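Participant: The residues making up each chain are set out below.
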Amino acid sequence: MTAVIDTPADKAAAAPRPWAAPPRPSWEEEPSKAGLAAKGIVLSFACLAILFPLWIVVVTSLSSRKTIDEAGGLVLVPKGITFIAYEELLSGGQVTRAALVSIFVTLFGTLFSMTVSVLCAYGLSRSGTLGHRWILMTLLATMFFSAGLIPTYLLVQSLGLTDSYLALILPSAISVFNILVLRGFFMGISQELIDSARIDGAGDLRILLRVVMPLSRAVLAVITLFYAVGYWSAWFNASLYLNQQDMMPLQNVMIQLVQRQEAPVGLSQAIRTGQLSGLAIQMAVMVMALLPVAVLSPFVQRHFKKGMLTGAVKG
Amino acid sequence: MSHSTVPRSSAEAGTPVKTAAASGDAARPREKRVTRKLSLRHRFRRDRVLILMTLPAVVLLLIFNYLPILGNVVAFQDYDPYISDNGIVSILHSPFVGLENFQRMFDDPDFWNAVENTLVLFFVQLLLFFPIPVLLALLINSVVRPRVRAVAQAVLYLPHFFSWVLVIAVFQQMFGGAGMLSQLLRENGHDGLNIMTNPDTFPFLLTAQSVWKDAGWGIIVFLAALASVSPDLYEAAAMDGAGRWRRMWHITLPALRPVIALLLVLRVGDALTVGFEQILLQRDGVGPGAGEVLDTFVWWNGVRNQDFGYAAAAGLVKGVVSIGLVLAANKVAHLMGEQGVYQK
Chain A
1 MTAVIDTPAD KAAAAPRPWA APPRPSWEEE PSKAGLAAKG IVLSFACLAI LFPLWIVVVT
61 SLSSRKTIDE AGGLVLVPKG ITFIAYEELL SGGQVTRAAL VSIFVTLFGT LFSMTVSVLC
121 AYGLSRSGTL GHRWILMTLL ATMFFSAGLI PTYLLVQSLG LTDSYLALIL PSAISVFNIL
181 VLRGFFMGIS QELIDSARID GAGDLRILLR VVMPLSRAVL AVITLFYAVG YWSAWFNASL
241 YLNQQDMMPL QNVMIQLVQR QEAPVGLSQA IRTGQLSGLA IQMAVMVMAL LPVAVLSPFV
301 QRHFKKGMLT GAVKG
Chain B
1 MSHSTVPRSS AEAGTPVKTA AASGDAARPR EKRVTRKLSL RHRFRRDRVL ILMTLPAVVL
61 LLIFNYLPIL GNVVAFQDYD PYISDNGIVS ILHSPFVGLE NFQRMFDDPD FWNAVENTLV
121 LFFVQLLLFF PIPVLLALLI NSVVRPRVRA VAQAVLYLPH FFSWVLVIAV FQQMFGGAGM
181 LSQLLRENGH DGLNIMTNPD TFPFLLTAQS VWKDAGWGII VFLAALASVS PDLYEAAAMD
241 GAGRWRRMWH ITLPALRPVI ALLLVLRVGD ALTVGFEQIL LQRDGVGPGA GEVLDTFVWW
301 NGVRNQDFGY AAAAGLVKGV VSIGLVLAAN KVAHLMGEQG VYQK
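Respectively, the protein sequence lines represent chains A and B.
Residues in the first sequence are numbered consecutively from 1, following the numbering used here.
Residues in the second sequence are numbered consecutively from 1, following the numbering used here.
FYI, nobody ran anything at the bench for these hints, they're computed from the structure.
Heads up, some of the hints might be wrong.
Unchecked claim - To give an idea of the chain B side of the interface with chain A (calculated C-beta under 10 Å), a few residues:
1) Asp47
2) Val49
3) Met53
4) Leu62
5) Pro68
6) Ala75
7) Arg147
8) Ala152
9) Val155
10) Ala169
11) Gln183
12) Arg186
13) Leu223
14) Ala224
15) Leu280
Because the structure is a prediction, the values reported are computed rather than measured.
Glycine included, each C-beta is placed from N, C-alpha and C at the ideal position.
Please take these sequences and the hints and turn them into a complete structure.
Facilitator: So, in structure tokens, the structure goes:
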């Protein structure tokens, strides 16, 4: 992180070099060396506090039993990378199934949530629509109360959703906040554009699909990420509504394997023969849980602000 | 809680003063004028597709957010889950016991323990978590190199997208009995240390986890507020001889003040919710003495012990107090002249 520190030479360089500082306005005083150093140290520390544990997790998951034993547990420096833990986990046991369940629930859940949310947001985005104020109130009020865990639990049970993947999707399928963000964005699209599409003979659905959504790619990407991460990270509804062990998604299996330190079901030749450490298995499960999120979220990063700040409610 | 009062006040609360009334009308003056002349039937025919589009979301909310409100009657019942597999049938056949559940709750030391833990956690988190995103945002904002800034932001935002299960697993590998810290201590001839199961430091552990996961994410709102400050202000102040720190004190901080005030008010309105998933996952590790908060109290008594009436009573008390807090907090926000309660 030494690049935080400005040098006069860098200052002269213009913007095209993205690592370089843009020219400093003439009225601004030169930063002090000590101040810059302090800034660099604090920022580096913050980033390291996040990356260092993740590094250990990844490296340990890629280590053989011998390396782990030599290190006395967690491995800091990789010594002979092996994918044996991942081979073991992905060879069709409990974790493979859990990962597939998580992928399945995340894909279908996100698709469902996005469909419902985008439709609702567009339906509410044209002011003057009949009843749109009432519908908006119905949405907004839910941000101010929660019916409570027990009544919700009893209801979901009564609906017969126990031991069904629908119980992981339906009760928390939509976030009113996300709908408001989408709506705020859709409202910013000019009415002239929509009117001209209508004159060309497009109905509301076609306008949404062909005009509004292509203009809203950024916010759609952010909200899709929010929903997908929500489904991928969820474990509580599964613990409430699923009784069968083999239906559990990845997060719940991670609780069993890592937090409660239980041995994985239905493995493990390699553990028994002593090549594979139980610790590497734990770490590999953690990497499987974090990898999709860590890979995807930086792509959407520059749009995050849109997803957070257009949520203001306009009549 | 009646339908008519809450939605209206909430909409007012959420309406940013500046943009609200004006924007909708100004954007489409023509259509607005036409609307008034149309009959209801006409408007319905014109808007029916739009209304239909909102229907799936509205139905989901009615079923999963509104309908369960009725289920709170079990708080006044001696609810027997074994009457029927169907909760609704059980509710209809369970005897009413008046306020017995509430009576029992107020005499229950475990309940008061949960209340105390909730409040302690709220204050510890408020004091130790809240300032960090502000400071981080000031730091990031002062980094002028675009690439450094983008990389730092990418790293700081990342843990927000991790599940609580993963965050706690990471902490366990670092600070648990077999974690990194214990490993280091043992190598140097000390005893291992299991921070994860120590009830005395539990509030601080929870705060550390929250900071690790969400402090980076929290800077977004502040960065946006900082970006909206006109550079001319800084230049003018510098011309008048204000140094770096005076500019921060007189320009930057006043720009952040409304956002800080608003987030504080919102946090207070949400005071009784202190990280349900996070605490539930670690409740067994530290024991209920330190690890029981109101939400987990409800979970334990209802889901675990099947004592649904009692748990629902606790949940109802929490819910009612929370609504009061939220409305009061919004009132305060309005009195301070702040806008955009929903700008999270």
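Participant: None of the hints should be skipped; say for each whether it holds.
Facilitator: Tested hints:
Checking Asp47/B against chain A: minimum C-beta separation of about 4 Å stays under 10 Å; hint holds. For Val49/B, the interface hint holds, since its Cβ comes within 10 Å of a Cβ in chain A; the closest pair sits about 4 Å apart. Taken as an interface hint, Met53/B checks out: its beta carbon lies about 3 Å from the nearest beta carbon of chain A, inside 10 Å. The beta carbon of Leu62/B is positioned within 10 Å of a beta carbon in chain A (closest approach about 8 Å), and the interface hint is therefore held.
With 10 Å as the threshold, the beta carbon of Pro68/B comes within range of chain A, its nearest partner Cβ sitting at about 4 Å, so the hint holds. Using the Cβ-Cβ criterion of 10 Å, the hint placing Ala75/B at the interface with chain A is satisfied: the shortest such distance is roughly 8 Å. Evaluation of the Arg147/B hint against chain A yields a held restraint, the C-beta minimum of about 4 Å falling below 10 Å. Of the supplied interface hints, the one on Ala152/B holds, with its beta-carbon coming within about 6 Å of a beta-carbon of chain A, less than 10 Å.
Hint status for Val155/B: holds, given a least beta-carbon distance of 5 Å to chain A, under 10 Å. A hinted interface residue such as Ala169/B counts as satisfied when its beta carbon comes closer than 10 Å to some beta carbon of chain A; here the least separation is about 4 Å, so the hint holds. Restraint check, Gln183/B versus chain A: the minimum CB separation of about 5 Å is within 10 Å; hint holds. A distance limit of 10 Å between C-beta atoms decides the matter here; for Arg186/B the minimum to chain A is near 8 Å, and the interface restraint holds.
Interface hint at Leu223/B: satisfied, since its Cβ lies 8 Å from the closest Cβ of chain A, which is below the 10 Å cut-off. Hint status for Ala224/B relative to chain A: holds, with the closest Cβ pair at about 6 Å, below 10 Å. Interface hint at Leu280/B: satisfied, since its Cβ lies 7 Å from the closest Cβ of chain A, which is below the 10 Å cut-off.
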